[in-house]
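Asks: Residue numbers (the working numbering), protein chains in the order written: chain A, 1 to 530; chain B, 1 to 395.
Don't take every hint at face value.
[Said to hold, decoys possible] Restraint ranges, calculated between C-beta atoms of paired labels, are given here:
| # | chain 1 | residue 1 | chain 2 | residue 2 | range |
| --- | --- | --- | --- | --- | --- |
| 1 | B | GLU342 | A | GLY199 | 56 to 64 Å |
| 2 | A | VAL132 | B | GLU302 | 53 to 61 Å |
| 3 | A | HIS56 | B | LEU181 | 31 to 39 Å |
| 4 | B | ASP282 | A | VAL135 | 28 to 36 Å |
| 5 | B | ARG78 | A | GLN248 | 47 to 55 Å |
| 6 | B | GLY82 | A | GLU195 | 17 to 25 Å |
| 7 | B | ASP107 | A | GLU225 | 43 to 51 Å |
| 8 | B | GLY250 | A | HIS56 | 29 to 37 Å |
[Unchecked claim] Beyond 10 Å from chain A on every Cβ pair, some chain B residues (computed):
| # | residue |
| --- | --- |
| 9 | LEU40 |
| 10 | ASP276 |
| 11 | PRO296 |
| 12 | GLY315 |
Source of the hints: derived by calculation from the structure; they are not laboratory data. We treat Cβ as the ideally placed atom computed from N, Cα and C, and that holds for glycine.
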Amino acid sequence: MAVTEELTVQKHETTTRRLRVYRQESGESEVRFDEFDVPVDGCKTVLDALRWIQLHGDPSLSLRHSCFHASCGTCGLRVNGESALACVCDLADYGDDIQVEPLANLPVRTDVVVDMGPFYEHLPEPHPIIRVSEVLPEATVPQQLDSYVRLEDCIECGVCVSACPIANPETGFVGPAALAAAGRLLEEPRGSDPEDVLGWLATPQGVWQCTTCMACVQACPAGIEHVPMIIDMRRALVERGEVDPLLQQTLQNFAAQGNSYGRSARSRARWTRALDFRIPDARIEPVEYVWFVGDYASFDERVQLASQRLARILHDAGVSFGLLFEGERSSGNDVRRAGEEGLFQLLVEQNMAALNQARFEAIFTTDPHSLNTLRNEYPDYGLDKPVYHYTELLVELTSKGTLALPPTLTGTRVTYHDPCYLARYNEITDAPRRLIEATGCELVEMPRHGTNTFCCGAGGGRIWMSEANGAERPSEQRIREAQTLGAIDYFVVSCPKDLTMYSDAVKTVGAEFEVVELSGLIERALLATP
Amino acid sequence: MATQNDPHILIVGGGGTGGALAHDLTLRGLKVTLVERGELTSGTTGRHHGLLHSGARYAVGDRESAVECIEENMILRRICPGSFELNDGLFVAIEDEDMDYLEPFIDGCEASGIPTERLTPSQALALEPNLNPQLKAAVRIPDGTMDAMRLPLRFFATAAHNGAEIHSYTEVEELLVHDHLVSGALVRDRVTGKDREIHADVVINATGPWSEKIAAMAGVDVPIRPSPGVLLALHGRLCNMVINRLHKSGDGDIVVPQRGLSVVGTSSWTVEDPDDLPVPADHVERMYTEGSKLIPAVRCTEFRAAWSAARPLIGSRGEADTGRELSRTFKTFDHKETDGVEGFITITGGKGTTLRGMAELCANVVCEKLDIDEPCRTRDTVLLPHTAYYAAMAA
């Protein structure tokens, strides 16, 4: 089974691009967008195009730039909503219309120029730019050079802070760059005291704020992997027992019962009792698919309804699938990201024991977080079966004709939220959209979608931690983003955590639309009379 | 720290030269204001390949520049600890004719005070395995690598910490000129959109290839040729040392490691307008062709960026076509002496590596004009880290 993502990057052959450029006078709240038609000839990058505007369009446009090759980090901005360095945004990768805005989460000085002061305030001291090098793999380090030195990778551009769903002035989160800098200090202290660095990381604005959504890593023009560093730093804090009290309680639940709710492991499949058919125990009867349900879809009452719906859809389509029942534990994806590596290993061991008892061809899961660790990390522990998200499975079933999805929901306008662990981590963006389209719904995209999605705020164990302050939650910002689309009927999700996060956020924000699991939309399509 | 009655110097241009000058003059007790029309280092300074010159490139044809470079190289190591990759550089002979350059090169380095070490091809390959295996000889010299923006930022940071006023996004609209006397400038704050006058005892034009434009506001000429070069950045670090071609200065004769990038430079020609710099495709292609003679992997390494930077070379129009003929040295013009205009100085030419030396020379001229007897102190003053610039601006 292969659901391939189709990259639809079109190389444009037109001779001009229309740039819509954010304009703002200092201290004024009024923002406008000026449009300029920039000839492509002679302009290769977005920065070239903006320089062209300065020279030939409007000399009053202010820009930040210095090196022109992604080394100084001054020309960060948002191009069509994505945070990037303008000097390496190739115009050929964009359509005819390109919107340029200043970096998010930093104060605007004027136009697309931001004040980097707050960025530097968050950096831990010292902040050296030289480090001992990794040498070229084939290099023989000569005796007369003890060690090569090289410049640190971080170019302090603020692109990661702009891409981060949490690092806004309201939360005070120090942001990915500062955390990566702290990670570097722990690796190579250069005069700093690791105790001080760890103490700083443990503060409420520190390392626990990260949702591990991966936006920083994907936006970083210097290839820095903030998220793995953040997880390593969390591990160091967990080892010292410096953990948020709420998270500590949840971790104890995992250790005792294998789920975040602290419910009895035996009650995991209780949601199946509402079904009028029996789901086989894959440990007893051979099945084609093991359904790895995950904690939220097993225990949360709202998500249980979605699980029951999916079970009916698959049952009616004649799919051979079973469960691990009480043998299933939390997959441990977010436990690992919360820094509890030992507990993660324990959960893997327990799940692998159950899977080894079962006879099956492949796994599907309703939980993108579980998908991620099962697909990408469990193979390290012996899992050798393919792992799919249920949306991939349903697309496969529809293309084989096993499941007939009638386009009965014409006239229904929906938007779809890509979960980070599906879209950013596993590039699964096409399957859910194909299912939505198959129902006949009109899909309207939010500005941030696909692999440039916006985090709901729950990932990386954040859902189990205390909230820092009264800052607006990412899930509420996301609902407001959906409200800019005009009237929509449904805000469609495909992740159990999203269902809980956004159902709450819709109430807080007071939006007119309903949050539905994609399986709910499919059920409605199946039930509607054609 | 300067007081109200101290002479006030207005520096126009927020590149390396302006930053170093602001630092020098502030240390000598003068009141300094610096204006830059865009971001600091947004002109030529930020765009160079990040080479801390040993001076070896100029050892044969431009001895004056070679000596300046090695002297400043050693001073910068002292006053900017932590700013350089000090992995040295290699000059590599690839073709037979390159070997003709070997002895004059070693002699020139020796005469300029640049230490050299001859390496056999196998010694050079042990240091830098990606070198062209056909190399005939190599000479090791004390080149280094810097961050083209963050090194000058340390001068700005220290100057600001010591009381200099640094105003980025502040553009000179007019110089205030009356009766052959420059007394300040009318500037526009691009952030607020407001115009204001800044009065000064001396205005210093430190605008590099834009020097002509600023000088023209005072009705004077400076013999500056904006001489751009194309540079190519590749995604991947192909060497740890700076790799130079051992022959007469030419296109694509250097590969500079910079973080995870490799920068190949450069070409050279002359233009009228330093604002409107093309990046000719044939120049980029030449970087690949010539760069891959030094390190064959240049040809197959992922493209990151190509750009042009305009050097401010000293030379009259008609004197040079490619800019290669022009010296890389620097010069201060006191327009009282050259044009009979008082209160106005242009400092230009030079290189990223010689920013401090240029500032010292210019500050000496300023002090002499104002009859101030304060020595230069920048040779031994360790600079604040670049991050201190943002802290000073926030304060």
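Asks: What are the numbers of the hints that this structure violates, sorted from low to high?
Replies: 2, 9, 10
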